[in-house]
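*Asks:* Here is how the chains run, residue by residue.
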Amino acid sequence: RKEVEQDPGPFNVPEGATVAFNCTYSNSASQSFFWYRQDCRKEPKLLMSVYSSGNEDGRFTAQLNRASQYISLLIRDSKLSDSATYLCAVINDYKLSFGAGTTVTVRA
Amino acid sequence: GAVVSQHPSWVICKSGTSVKIECRSLDFQATTMFWYRQFPKQSLMLMATSNEGSKATYEQGVEKDKFLINHASLTLSTLTVTSAHPEDSSFYICSARDLRAGGNTGELFFGEGSRLTVL
Numbered sequence: 001r002k003e004v005e006q007d008p009g010p011f012n013v014p015e016g017a018t019v020a021f022n023c024t025y026s027n028s029a030s031q032s033f034f035w036y037r038q039d040c041r042k043e044p045k046l047l048m049s050v051y052s053s054g055n056e057d058g059r060f061t062a063q064l065n066r067a068s069q070y071i072s073l074l075i076r077d078s079k080l081s082d083s084a085t086y087l088c089a090v091i092n093d094y095k096l097s098f099g100a101g102t103t104v105t106v107r108a
Numbered sequence: 001g002a003v004v005s006q007h008p009s010w011v012i013c014k015s016g017t018s019v020k021i022e023c024r025s026l027d028f029q030a031t032t033m034f035w036y037r038q039f040p041k042q043s044l045m046l047m048a049t050s051n052e053g054s055k056a057t058y059e060q061g062v063e064k065d066k067f068l069i070n071h072a073s074l075t076l077s078t079l080t081v082t083s084a085h086p087e088d089s090s091f092y093i094c095s096a097r098d099l100r101a102g103g104n105t106g107e108l109f110f111g112e113g114s115r116l117t118v119l
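First to last, the protein sequences are chains A and B.
Numbering-wise (my numbering), the first sequence opens with residue 1 and increments by one.
Numbering-wise (my numbering), the second sequence opens with residue 1 and increments by one.
If we strip away everything but chain B, and leave its shape as in the complex, we get:
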């Protein structure tokens, strides 16, 4: 099946630094990718929809200047957490829809997730 790869799996950084997380669709093209964040024992919360060749669409309450999303190609989206703070520590997961799997909904495949810890 389709595979989505995310890197890095773990990252620890100092407060105030920026961290970039990559999300790649390995065997299919994804014009749209989704970025989620999950705090412990909570649901995955959609942060933004990454659109290839255009600006990302952010969910309400997500700061677009803090969470920079770039979708430069059909197989790569990046999320940069700028000026990270301890409250940004979370599990960040990307996903992409493989439209070959069926119609407009398709099946959503997830990357392995990136666990960010900000000291």
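So here's chain A without its partners, still in its complex pose:
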């Protein structure tokens, strides 16, 4: 079983829509969780950390469910510029493991 798994999508949504997707992790001892954004042929960039209590950054909301071992990302009021691949990442033993990414395409 992969350490981190994501629905690859793609999620095709109109501008202004809300889109949400999850990421599951296999190691219950995982320490920290993140969402990264990766544009085509570019390096990943940190979007936000995911805290136990859940956290929000503008239109982005991240949640952690330790009991079911998943994290989620919700994007409200989608913009064209939100089109990207979103990678979840989990730290185990100070190493960062990534999911394969969920592709989101926002259309006009």
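Please keep in mind that the hints were generated in silico from the structure rather than gathered at the bench.
Among the clues, some could well be false.
[Stated by the list, open to error] List of simulated lysine-lysine pairs, DSSO-like, C-alpha gap at most 30 Å:
(1) B:K64 <-> A:K2
(2) B:K66 <-> B:K14
(3) B:K64 <-> B:K14
(4) A:K2 <-> B:K14
(5) A:K95 <-> A:K45
(6) B:K66 <-> B:K41
(7) B:K66 <-> A:K95
(8) A:K45 <-> B:K66
(9) B:K64 <-> A:K42
(10) B:K64 <-> A:K79
(11) B:K20 <-> A:K79
(12) A:K2 <-> A:K42
(13) B:K66 <-> B:K20
(14) B:K55 <-> A:K95
(15) B:K64 <-> A:K95
(16) A:K45 <-> B:K20
(17) B:K64 <-> B:K20
(18) A:K45 <-> A:K79
(19) B:K55 <-> B:K14
(20) A:K42 <-> B:K41
(21) B:K41 <-> A:K95
(22) A:K2 <-> B:K55
(23) A:K42 <-> B:K66
(24) B:K66 <-> A:K2
(25) A:K95 <-> A:K42
(26) B:K14 <-> A:K42
(27) B:K55 <-> A:K45
(28) B:K64 <-> A:K45
(29) B:K41 <-> A:K79
(30) B:K41 <-> A:K45
(31) B:K55 <-> A:K42
(32) A:K2 <-> A:K95
(33) B:K55 <-> B:K66
[Stated by the list, open to error] Computed Cβ-Cβ distance ranges for the label pairs, DEER-style:
(34) A:N27 <-> B:T80: 28 to 36 Å
(35) B:D27 <-> A:C40: 22 to 30 Å
(36) B:T82 <-> A:A108: 42 to 50 Å
(37) B:S54 <-> A:P8: 36 to 44 Å
(38) B:S15 <-> A:A17: 40 to 48 Å
(39) B:S83 <-> A:T105: 36 to 44 Å
(40) B:L74 <-> A:E3: 27 to 35 Å
A virtual CB, placed ideally from N, CA and C, is assigned to each residue, including glycine.
For chain A, the structure is supplied; the task is to place chain B on it using the hints.
*Replies:* Coordinates of chain B only, in the frame set by chain A:
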């Protein structure tokens, strides 16, 4: 914020040659850097952890004699793909943790990546 620079961004080489990729932390010292590889539509896979002044730690299945890692200073790690073959064509990304950003985890910053194509 912290910056990690990677060079070259693109490299095309003939099969059997060796290619060196550099990763530099520009405004912070990194005792540890990480090398990832990403094939199209796949996740970033950790290849090895580069440790300043000591041997790199390789992940299972990564050949240490093929992927030579040298971390000679606190701001530079190099990855050399030796005797490259077409199946080594991939996107190689380095990263470093800026411990100033918080505790043992800190924030991981990525280089721009190096796209290797082996003909």
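*Asks:* Output the indices of the hints that this structure fails to meet, ascending.
*Replies:* 4, 10, 11
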